[in-house]
Amino acid sequence: MHLLKERILKDGRYLGGGILKVDAFINHQVDAGLMMACGQELARRFAPTRPEKVFTAEISGIAPALATGYYLRVPVVFARKHRPVTMPDQIFLTLTPSHTKGREVELMVSPEYLRAGERILIIDDFLASGETILGLVRLVQAAQAEVVGIGALIEKTFEGGRAKLASLGVPIEALARISALHDDGRIEFAE
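FYI, the numbering used here numbers position 20 of the sequence shown as 701, with every residue one higher than the one before it.
Be a bit skeptical, because a hint or two may be false.
Said to hold, decoys possible - Cross-link-like lysine-lysine pairs, in silico, DSSO-like; alpha carbons within 27 Å at most:
no., residue 1, residue 2
1, K845, K691
2, K762, K691
3, K845, K686
4, K702, K686
5, K762, K702
6, K702, K691
Claimed, not checked - Between beta-carbon pairs, the in silico distance windows are:
no., residue 1, residue 2, range
7, L684, M768, 14 to 24 Å
8, R764, D864, 33 to 43 Å
9, D770, I700, 33 to 43 Å
10, D770, D692, 17 to 27 Å
11, M768, D865, 24 to 34 Å
12, L776, D704, 34 to 44 Å
13, K702, R726, 18 to 28 Å
14, G798, R694, 12 to 22 Å
Since the hints were made in silico from the structure, they are not lab data. Note that CB positions come from ideal geometry on N, CA and C, so glycine has one too.
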């Protein structure tokens, strides 16, 4: 998606160690117009999968998931990283490594919001190693729901996440695919 690529080149910063800083427009301060355009494009690509819900991980996945859910006209559910007092005793829980946090994090969701047989579209800000998305997949599977597609705003193709997810046999889409991040700050796109 040209608009997203332009914004990555303008405001994205490579910090080294595989970390692309996009918090000026995606995951700390959100450019609402850009996010809605991204959600509209993801919804267009995944509409044929007929999802009943969009599922993501807090916090960074919420904005693109919400925009996608808006255009698909389906609810958005996010896996929490901290258990609120309002969550029931019985939950779906998994552990997943976090590249930006440098440790494992818990992802949990209430069975009230993921139910057996539902068609679930997973949307996140990044597809990198695939570990967070695999954690979301495990939660969907624990609920006996069905993953019908996986979408991301940005894919770092050199981290191999797409290959880890390929065995799921569902469509995988990324709006901007990055093939290399260079120490001099250059960002190369796969297309």
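Unsatisfied constraints (hint numbers, rising): Structure breaks hints 1, 2, 7, 10, 11, 12 and 14.
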